[in-house]
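Participant: Below are the chains, spelled out letter by letter.
There are 2 protein chains.
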Amino acid sequence: MALLVQKFGGTSVADPDRIRDVADHVVRCRKRGDQVVLVVSAMGKETDELIRLAEAVSDTKPGREMDMLITGGERKACALLSMALHDRGVEADSFTGSQAGFVTDTAHRNAKILDVKPQRIQDAIDAGRVPVVGGSQGVSTDHDVTFFGRGGSDTTAVALAHAIGADSCELYTDVPGVFTTDPRVVDEARRMSTISFDELLEMTASGCPKPAMRSVELARTFGVQLHVRSAFSWAPGTLVTQEDSMEAAIISAVTHDTSEAKMTVSGVSDRPGVAASLFRTLADAEINVDMIVQNVSAAGVTDISFTVPHEQVEQASGVVDQISESIGSAGVIIDSDIARVSLVGAGMKTNPGVAATMFETFADVGINIEMISTSAIRISCVVREELAEGAVASLHSAFQLEMDPEDRRPL
Amino acid sequence: MALLVQKFGGTSVADPDRIRDVADHVVRCRKRGDQVVLVVSAMGKETDELIRLAEAVSDTKPGREMDMLITGGERKACALLSMALHDRGVEADSFTGSQAGFVTDTAHRNAKILDVKPQRIQDAIDAGRVPVVGGSQGVSTDHDVTFFGRGGSDTTAVALAHAIGADSCELYTDVPGVFTTDPRVVDEARRMSTISFDELLEMTASGCPKPAMRSVELARTFGVQLHVRSAFSWAPGTLVTQEDSMEAAIISAVTHDTSEAKMTVSGVSDRPGVAASLFRTLADAEINVDMIVQNVSAAGVTDISFTVPHEQVEQASGVVDQISESIGSAGVIIDSDIARVSLVGAGMKTNPGVAATMFETFADVGINIEMISTSAIRISCVVREELAEGAVASLHSAFQLEMDPEDRRPL
Chain A
294 MALLVQKFGG
304 TSVADPDRIR
314 DVADHVVRCR
324 KRGDQVVLVV
334 SAMGKETDEL
344 IRLAEAVSDT
354 KPGREMDMLI
364 TGGERKACAL
374 LSMALHDRGV
384 EADSFTGSQA
394 GFVTDTAHRN
404 AKILDVKPQR
414 IQDAIDAGRV
424 PVVGGSQGVS
434 TDHDVTFFGR
444 GGSDTTAVAL
454 AHAIGADSCE
464 LYTDVPGVFT
474 TDPRVVDEAR
484 RMSTISFDEL
494 LEMTASGCPK
504 PAMRSVELAR
514 TFGVQLHVRS
524 AFSWAPGTLV
534 TQEDSMEAAI
544 ISAVTHDTSE
554 AKMTVSGVSD
564 RPGVAASLFR
574 TLADAEINVD
584 MIVQNVSAAG
594 VTDISFTVPH
604 EQVEQASGVV
614 DQISESIGSA
624 GVIIDSDIAR
634 VSLVGAGMKT
644 NPGVAATMFE
654 TFADVGINIE
664 MISTSAIRIS
674 CVVREELAEG
684 AVASLHSAFQ
694 LEMDPEDRRP
704 L
Chain B
294 MALLVQKFGG
304 TSVADPDRIR
314 DVADHVVRCR
324 KRGDQVVLVV
334 SAMGKETDEL
344 IRLAEAVSDT
354 KPGREMDMLI
364 TGGERKACAL
374 LSMALHDRGV
384 EADSFTGSQA
394 GFVTDTAHRN
404 AKILDVKPQR
414 IQDAIDAGRV
424 PVVGGSQGVS
434 TDHDVTFFGR
444 GGSDTTAVAL
454 AHAIGADSCE
464 LYTDVPGVFT
474 TDPRVVDEAR
484 RMSTISFDEL
494 LEMTASGCPK
504 PAMRSVELAR
514 TFGVQLHVRS
524 AFSWAPGTLV
534 TQEDSMEAAI
544 ISAVTHDTSE
554 AKMTVSGVSD
564 RPGVAASLFR
574 TLADAEINVD
584 MIVQNVSAAG
594 VTDISFTVPH
604 EQVEQASGVV
614 DQISESIGSA
624 GVIIDSDIAR
634 VSLVGAGMKT
644 NPGVAATMFE
654 TFADVGINIE
664 MISTSAIRIS
674 CVVREELAEG
684 AVASLHSAFQ
694 LEMDPEDRRP
704 L
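Line by line, the protein sequences give chains A and B.
Counting in the working numbering, the first sequence runs without a single skipped number right up to 704 at its last residue.
Counting in the working numbering, the second sequence runs without a single skipped number right up to 704 at its last residue.
In short, the hints are calculated from the structure, not lab data.
The beta carbon of each residue, even a glycine, is placed where N, CA and C say it ideally should be.
One thing to keep in mind: the hints can contain errors.
[Unchecked claim] Listed next, with one range per pair, are the computed distances between beta-carbon atoms:
1. E679(B) <-> E384(A): 45 to 53 Å
2. E663(B) <-> Q412(A): 20 to 28 Å
3. A528(A) <-> E678(B): 29 to 37 Å
4. R677(B) <-> R345(A): 29 to 37 Å
5. K338(A) <-> P602(B): 33 to 41 Å
6. R443(B) <-> Q412(A): 30 to 38 Å
7. K338(A) <-> P529(B): 39 to 47 Å
8. R677(B) <-> K338(A): 31 to 39 Å
9. E348(A) <-> I626(B): 53 to 61 Å
10. E384(B) <-> R345(A): 20 to 28 Å
11. G566(A) <-> E384(B): 53 to 61 Å
12. A576(A) <-> E342(B): 14 to 22 Å
13. E348(A) <-> R573(B): 32 to 40 Å
14. E384(B) <-> Q412(A): 32 to 40 Å
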């Protein structure tokens, strides 16, 4: 008998049939003897639809009002799921983020959790009831409704699992687990039965869309066991743990990300403090700068390139223009047609040959590398956007990710 | 410069265009120097759509969960209207019923207001901001979300107007005011410029759909001035006041109501306590009994007839069956095809000829009267449902309601 937090994503509760399927699954878990706490996202495309409505009435779309609007989606889903459970003889209660005890800061649209006070959830568990919590929402220290951002339901689930001391946090989605690469791009993509937090974190940071990176970070910090699995097959998925991968794979996965553009600030003075000044100014404007590469200096000037989300390019460009004089830049070059292809694996830190194999693989298929950045367990290359899927497939094959790790040839 | 509570019904905020129109109107009121507090219903058919979803996942539809679900409609509308106001340079804040200070009992689906603590609304007003409150909702003494029932936004508006000491409560709807009868039935129906609380109360109790009866009761109790007006033409509508009608009309309006069925409990013992026992039992089952008529006794037994909403007929029938032995009844006859046609007017109490004229009018057009009940300012007749519209038209004409009161011939 375990205490499980089970989170159901938007596709898992997209329509009444799906909601009834989820309720049936919860009944099965209860029959097995498990106590469950549910977290739900908004149904299907509801969040998009609410944003579309907001855009139809407002250009300004103030954060406080957007959060009030959008959190209604999860609230609707949790009330409907509770009803479906009642019909199956399971006493269930829906809770908004506020009722579930999620206290956040006042950063609307992207609020951070300050505290979870799960008293009402604990009371419901103790009474043998099933709490059904609206995901991605809380109440701010100003007593306003807040939204954690897209994908925030994963964060709700992990934070709640930690707060109530759950044995596991199950993230139900529309895919059967975490794959060695995007199965829509590479047919041979393989589901991993386990993965470490560090590897999953690098994967989500470099294009793997689920689970949300923030929830993986939180789970890693608090040691909450994650289980990424399917709300369609209900089969076991991928277990995420503190330990290094049980599969001992030197390379775990290939990811790609086309959500960013490359900005190059050219002709920057090569003196101390210039990069600091540039990135501090961008950070103050809340621009989400990711991969940063500085070229070698020539004649006292250098180029600094970085990636930013497409939707922040214009704002970032304005910010750089404002400080161009003080950092001595000659101008900003924006390139929107890029993709970042990343190789993730715990074994990388002890095997310098991985990067070489990666670059050779690209060379063999004629793909030019425009930027490179590495971490202890990840190597990312920026390539032309239209070459990204081919790059992913060639890496997946070169590193034999379609095979079980023990069957692969040594790197 | 006045402090106004303005309530916008579902058709007034049915789509983004309508929401922008409402925002434009609020800007005009602010320019005129008025301070406004807004209350909004759910957009268009949203409440019906939410109920349809609930029915698709649940037969039991527990009240707590239904309230969580349905109140999301008003919340969505108030967030969107706040955004539209921001776009027009008006600082506005949306508030749920709970945030606006509406404390209710725990009777889900039909919660009663226990207290209004409008501190956040008052703070917003003092700061020169426009509060936009989700209608028909509050938080129960058990800290759960509650819904006041359909039409509850009018009640929210009136209670809030009283709590903050507003000068007037404007109820914006899709008709230009209160009419002498239903304009869809009688072409000559005339908008009244004023009406007394007592008359409007009788009208709403006997089939006039707007404003919601409960809100009129509340306004009458607290002396809140109501103004029923159009959110499409924005023209002045009907003013509802404590005073008798300024127009001094002996007859104000004709209403009709097809939402009820007639139940007759036949062969009941004609002894003290029998009627009390019957209606106490029905009341305990929360059956909304309306018009009650007891026929004269013959041979120690009598018939008791009353009307109940169609949706409660089955339940009421079961309740009566349970006590049939103790009240000595011979059976229950249910008649669903009835309508109640009512004549409302302050002058009725001093003019016994009104009832006679009403009955003669029905006789002239061959309409049989099946039940009669009267109050000081209302006479209601139950007739066959298919004759109701003809009955309304004949009364409207017989009492010359299409004319200004001073131009009518004396009764």
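Participant: Confirm or reject each hint.
Facilitator: These are the hints, each one checked on the structure:
1. E679(B) <-> E384(A): 45 to 53 Å: holds, 47 Å
2. E663(B) <-> Q412(A): 20 to 28 Å: violated, 58 Å
3. A528(A) <-> E678(B): 29 to 37 Å: The hint (29 to 37 Å, Cβ to Cβ) is violated, given that A528(A) and E678(B) are roughly 57 Å apart.
4. R677(B) <-> R345(A): 29 to 37 Å: violated, 49 Å
5. K338(A) <-> P602(B): 33 to 41 Å: 37 Å Cβ-Cβ, so the 33 to 41 Å window holds.
6. R443(B) <-> Q412(A): 30 to 38 Å: Given about 33 Å between the Cβ atoms, the range holds.
7. K338(A) <-> P529(B): 39 to 47 Å: Between K338(A) and P529(B), where Cβ atoms are some 43 Å apart, the hint holds.
8. R677(B) <-> K338(A): 31 to 39 Å: violated, 49 Å
9. E348(A) <-> I626(B): 53 to 61 Å: Taking Cβ atoms as reference, E348(A) and I626(B) lie about 57 Å apart, which means the hint holds.
10. E384(B) <-> R345(A): 20 to 28 Å: holds, 24 Å
11. G566(A) <-> E384(B): 53 to 61 Å: This hint is violated: roughly 40 Å between Cβ atoms.
12. A576(A) <-> E342(B): 14 to 22 Å: violated, 43 Å
13. E348(A) <-> R573(B): 32 to 40 Å: At roughly 55 Å between Cβ atoms, R573(B) and E348(A) fall outside 32 to 40 Å, so the hint is violated.
14. E384(B) <-> Q412(A): 32 to 40 Å: holds, 35 Å
The structure does not agree with the numbered hints 2, 3, 4, 8, 11, 12 and 13 stated previously, though it agrees with the rest.
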